[in-house]
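Each chain, letter by letter, is given below.
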Amino acid sequence: MPEKVLMKGNEALAEAAIQAGCRFFFGYPITPQTELAAYMSKRMPKVDGTYLQAESEVAAINMVLGASAAGARVMTSSSSPGVSLKSEGISYIAGSDLPAVIINVQRGGPGLGGIQPAQSDYWQATKGGGHGDYHMMVFAPSTVQEMVDLVSDAFDLGDKYRMPAMILADGMLGQMMEPVALPESEGKALPEKEWAANGHQNKREHHIINSLYLQPQKLEEKIRERYERYHVIEEKEQRAECYRTEDADLVLVAYGASSRIARSAVNKAREMGLKVGLIRPITLWPFPTKAIAKAAKTAKAFLAVEMSMGQMVDDVKLAVQCSVPVHFYGRTGGIIPTPGEVLEQIEKILGGDR
Amino acid sequence: MGIVFEKPKAITDVPMHYCPGCTHGIIHRLVAEAIDELGVEGRAVGVASVGCSVMSYDYFGCDMVQAPHGRAPAVATGLKRAIPENVVFTYQGDGDLAAIGTAETVHAATRGENITVIFVNNAIYGMTGGQMAPTSLPGQVTQTTPYGRDIKTAGYPIRVCEMLATLDGVALAQRVTVDSVRHIAEAKKAIKKAFQNQLEGRGYSIVEVLSTCPTNWGLSPVEALDWLRSNMMPYYPLGVYKDVTKEEV
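If you read the protein sequences in the order shown, they are chains X and G.
If you're matching positions, the first sequence starts at 1 in the numbering used here and goes up one per residue.
If you're matching positions, the second sequence starts at 355 in the numbering used here and goes up one per residue.
One should not assume that every hint holds.
[To be verified] Distance condition first, Cα-Cα at most 30 Å in a straight line; then the derived DSS-like pairs of lysine-lysine:
1) X:Lys218 / X:Lys188
2) X:Lys297 / X:Lys275
3) G:Lys600 / X:Lys203
4) X:Lys317 / X:Lys127
5) G:Lys361 / G:Lys546
6) X:Lys160 / X:Lys127
7) X:Lys317 / X:Lys268
8) X:Lys275 / X:Lys317
9) X:Lys300 / X:Lys290
10) X:Lys268 / X:Lys300
11) G:Lys363 / X:Lys218
12) X:Lys203 / G:Lys506
13) X:Lys218 / X:Lys193
14) X:Lys203 / G:Lys546
15) X:Lys317 / X:Lys294
16) X:Lys4 / X:Lys42
17) X:Lys203 / G:Lys361
18) X:Lys193 / G:Lys600
[What the hints assert, rightly or not] Derived coverage of chain G by chain X (criterion: at least 3 residues anywhere in the stretch with Cβ under 8 Å from a Cβ of chain X; other residues may be distant):
19) 386-400
20) 451-461
21) 544-553
Simulated from the structure, these hints should not be mistaken for lab results.
It should be emphasised that the depicted structure is a prediction, and the values quoted were computed from it without experimental measurement.
Built from N, CA and C at the ideal position, the CB exists for glycine as well.
Only chain G is shown next, with the shape it has when bound in the complex (with noise of 0.2 Å):
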């Protein structure tokens, strides 16, 4: 009998640290997989965001550097500056994107840094407990905002697809979720089109990736995704917010 069902190359055989019910496990998944089949292991270099995901280093068999919170987007540009002929990936989750890495979030998407960004969004800072994000949902209840977020005194949450689109530096802006089957096949390509662009030569490219945190939500992981449908997915839709690749056509 033939093998059916493979762990991808680009993943280390290091157990993984992430809770159960986590998504970062299917999205690591995705991007190995992209890896593999663009067949770009042996010149990726990924760069770790500090966070639940800074352990990525270990679980990526490519190189990898561990970027100062907020600043991968900078330390991927220095990286990609050095060896262009190279592929250049971050994996960033909300705090470190959307909170204290929005500068450099921003002004690598509008030179056009021809990167790939994996933007993980579960709406939480899971890594320090489960503190208020820059996209919590309005009146989510989170350690800081232990009364739900008041949108009065701390804001609304950020549609970083949405603000990245507006910039011309940017090849595509796309929300996919792994919540489901199709959704999870729908990410895959979106995040292999995002390797695809830079082999190209197009550009920034984000996938923003609607993921759960069942530990820090305080819901059973089913009930996480259940929650992750019925309030992130209305507040942040799926789609692609731009694609250079379409307006080509």
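The following block holds chain X by itself, in its conformation from the complex (with noise of 0.2 Å):
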């Protein structure tokens, strides 16, 4: 059992990354991701890593397309804006089928928005952003530890499904500090990436990375073959925490930050004798339908706490599909709810149902 040590999310993130055997780090500054950039600008020099600060979130996440047609095992961290900017280049990355983890530790939007935690980029995060027919993986922590633990998950399903992944935290767990187990990875084998435009030495035909199909048909069977993908992940890759919701006739639906909060909202809703549970995320894309679609057998209502006007909650809907109600709480703009809000919100439901 690794000793454990007390770090700040940010670094934390970080560190996973270079244990996870990530070399290449491209970044820029922005709030409140800053820690990272300046962790790894201490550590990869270190580890004969490369971090360089790059012009743009644009140049940035063209870097990381760069090293990853190279093969190597590259990351890019960002907060809300700047993963605006990044977007152009995740759509690429997905379109040219290459591996890249992207972290975004979200702050207040739309526009220039605010600093504090908010988790309004979700819509942005699985259902898109950049253009085109195309998801990544989004893996939701909820400590600093699991921010550690789906670093490495993140890399390893990249290189597995040939897609860029998305740590989608916050400012809050960015900036909050938690003891972590660090895992003794460093100098674990990554897989061979045989499709690499890394110089063909005379010894097989060229590699194409591309994204470019000019025959309709071509692309149509390019993105089919990707959505073939995407439906094996869906079905294998589904994470989800489900907790006290075995008996619960109402189920919180939360991730990140605000399950936090929604987890001491049910914690305090069962000492008052309310039959509340929690259903946490882990994946937003792929969004764990089926831990949803299995409470919804027996709850008789859910609620969707977010940090947000409400954008996971159109994803708990539809797995719900129409069987029981799906109620919303949501504070945005930087601020956390606290867990006696949500709790009057519980109350409120239950109400005339207890």
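Since each chain comes alone in its own frame, lean on the hints to assemble the complex.
The following block contains the structure:
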């Protein structure tokens, strides 16, 4: 069992990436992910890695594209407005079947928004953001330890399915300190990337890393092939934590920072004798529809709790398929809801149904 | 009888899509000849940019990556940092390099990224049908400057080599053209040097090639070469704007 150390979320994400074998980081300064890049600039030279501060988020994500095309394990990090700028590159990375890890330490939006924690980039992360038919895997950690664990999974699954993966964190998780056990995985063998554009050495056909298909039939064929992979992912890679849901009349659904608050509210409600549980999506794409559909068989209602005006709630509704009511409670713009506020909603919903 | 003329090995057998009279074909050949002569095809990785030359990924025999519009220098940076022993080059047009990708170009240059940049300047957006480019000349008629480029509203063309020559990270900034046998020979020398610089770790090397676009200029191939000589060459003088190998002497 590795020794636990106290780490800030942003720094833990960075160290976890290094432990996962990432040796290339391209970034651009933005609050509240600042410590991540700073940590990388300090650590990468010590492990013969590359830290490069790009001239923009646009350039940084395209450096990621280049390094990934060469077969390297590579990462970039940013926060909401910066991720908007990276979205072009993410679409190209997805369209070129390249793996890469993108971290979004979310802050309030739209526009320059604010610098306090928010979860209002859910749609951007799970429904596109960039143009075209594509997905990336989206992981939503709720503790610093989980940030560490999911970074490694994001790299491995990105390589496995040849697609970008995002860690959707927020300013609260990025800035908070918690004890973490770092995996002792340094030096583990990374998968061979036979498709890489790293010089054919006159031994094979030339590799072309490309997202352009001028013949519509070819483009459709390519996208359909990609969607077959997406379907496998939706089948095999859904992850969620179910907390006190077995007998729950009301099931809260919350991820990341808001799931911590929802959990406190569930505990308080249980003390009051209310049958309340929590489903915490760990993957946002693929969305854990199976866990929610299962809970919908016995629950009388759902309550999505988000730090947004209501984005994930759409996916909850799709998973519940109108079988029971789906309620929503959210704060946005950098406001973190209190457990008391959430409890009030729980009482309101269960008011006539104790 | 021996073979006296051959296709460079670093060019594939795929039919090219370029218009008759376009000088992309000559420039592709010069790049491929340089790669052949330096014996680096096996470790070369090219970056195709958005524009007429986007499908150069099919024409060069080395590994190729297609970059988003303007981002070729950033993609090349990622490649070169990840595989420094490889030879990384970009092949970019004027819209790509000097408009949408200006920031990526300037910063790759000032970082002294050890890459080779082939910059094809034909003073127009060819692929999209002939719009004003950052290098379109004052008064030049294009689809989006139907009354001629008015410098009062559209500003002035960018002289890329002159601008980049001010940056410390640049090893070579040279403007050439391919309108005549003599100029083609000079262009070849410059392109080879830009690759040689990379092999010697000298940093960012750019060769700007003044090129024609008969289709969108509305001229015959021969007239286009005349137009290049009488209009482009006076505004964009050929020459070496920076060469660190000369400074070393």
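Status of the hints after comparison with the structure:
1. X:Lys218 / X:Lys188: violated, 38 Å
2. X:Lys297 / X:Lys275: Measuring from Cα to Cα gives roughly 15 Å; hence the hint holds.
3. G:Lys600 / X:Lys203: The given pair, whose Cα atoms are some 37 Å apart, is violated under the 30 Å limit.
4. X:Lys317 / X:Lys127: holds, 15 Å
5. G:Lys361 / G:Lys546: Measuring from Cα to Cα gives roughly 17 Å; hence the hint holds.
6. X:Lys160 / X:Lys127: holds, 21 Å
7. X:Lys317 / X:Lys268: Answer holds: Lys317 (chain X) to Lys268 (chain X) is near 25 Å, not above 30 Å.
8. X:Lys275 / X:Lys317: holds, 21 Å
9. X:Lys300 / X:Lys290: With a Cα-Cα distance of about 17 Å, the restraint between Lys300 (chain X) and Lys290 (chain X) holds, given a limit of 30 Å.
10. X:Lys268 / X:Lys300: holds, 19 Å
11. G:Lys363 / X:Lys218: holds, 28 Å
12. X:Lys203 / G:Lys506: Judged against 30 Å, a Cα distance of about 55 Å means the pair is violated.
13. X:Lys218 / X:Lys193: With a Cα-Cα distance of about 24 Å, the restraint between Lys218 (chain X) and Lys193 (chain X) holds, given a limit of 30 Å.
14. X:Lys203 / G:Lys546: Roughly 24 Å between the alpha carbons, so the hint for Lys203 (chain X) and Lys546 (chain G) holds.
15. X:Lys317 / X:Lys294: holds, 13 Å
16. X:Lys4 / X:Lys42: holds, 21 Å
17. X:Lys203 / G:Lys361: holds, 20 Å
18. X:Lys193 / G:Lys600: Roughly 41 Å between the alpha carbons, so the hint for Lys193 (chain X) and Lys600 (chain G) is violated.
19. 386-400: holds (count 5)
20. 451-461: holds (count 4)
21. 544-553: violated (count 0)
The structure does not agree with the numbered hints 1, 3, 12, 18, 21 stated previously, though it agrees with the rest.
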